[in-house]
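**Q** Using the sequences and the hints given, assemble the complete structure.
Each chain is listed here by its residues.
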Amino acid sequence: MYPNEGRYATHELRLRSRVMPEQAVEREILLPAPADEVWAALTDDDRLAAWFGAEARLELRPGGRATFHWPDGTTRNATVEVVEVERLLILRWFPFADDARGGRRRQPATTLRFLLQATPQGTRLRVTESAPTAHEALQEDHPPALEAGQGPSHSSGDPRASAAV
Amino acid sequence: MSKHQIDMVFSALSDPTRREVIECISEENGVSASQLAARLPVTRQAVAKHLSALSEAGLVSGERHGRQKLYRLTPGPMGDVMGWMARVGAEWDDRLQALERHLASGEDRG
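Protein chains in written order, with the working numbering: chain F, 1 to 165; chain L, 1 to 110.
Heads up, none of these hints are tricks.
Just so you have them, the derived chain F footprint on chain L, three or more residues with Cβ under 8 Å: (1) 11-25; (2) 78-85; (3) 94-105.
No lab work stands behind these hints: they were computed from the structure.
All values derive from a computational prediction rather than experimental measurement.
Where a beta carbon is used, it is the ideal one built from N, C-alpha and C, also for glycine.
**A** Shown next, in the form of structure tokens:
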């Protein structure tokens, strides 16, 4: 579809293995809008909510918090890792999701990467959601992202309490 | 469907040596820790540790044959990972379509 693309990113993610499943999902789309417009759609809370499928609140700086509330009551947090305006946004999901009743379930702490590339036809957006690397998985054993006193068994009456910073 | 284990499976698969252990096991119909250690550039103790992590994630199972314990691949968790990938992929297909529509409907574009 995009003959010049897919050469590196797809291959670096693909394991040589026959038995091992791939550990990243990657999608690419050519959007009929300039990069600043696409960037706004990715980073402006109201605009993000219009297509992401969840209400969003994004602190757009490295180390910032991103919070997503789904219509079914699920809340997930992520850490903003990289912000390169109109080019690259990387988030890393917390290793759990909270449901409307205050329950918490484990989720893979995947990394979500949005890469924008301006082209004459519009903006090429590549989205990659990848499983934790060995280094990140190690950190997960001692999750620094979890606030003190909020272990996986913690449940408060207000499921959004942990999201409110 | 043991969806709750996906993070454990990813964790287990995140280590390159463990991935090699899986490759080796997949090529044999039952292989012992000593046989794996002979084929991989790691000690038998290291292999044992990796096998234990892989067993915990449900990726391999060991069965005793006489004095040896032979390990085999357990297909379930790999299938779960592939199912998870397919779900996440479908989510992104939907979201990117919605993003495209959102951008197409924007009136403030110049």
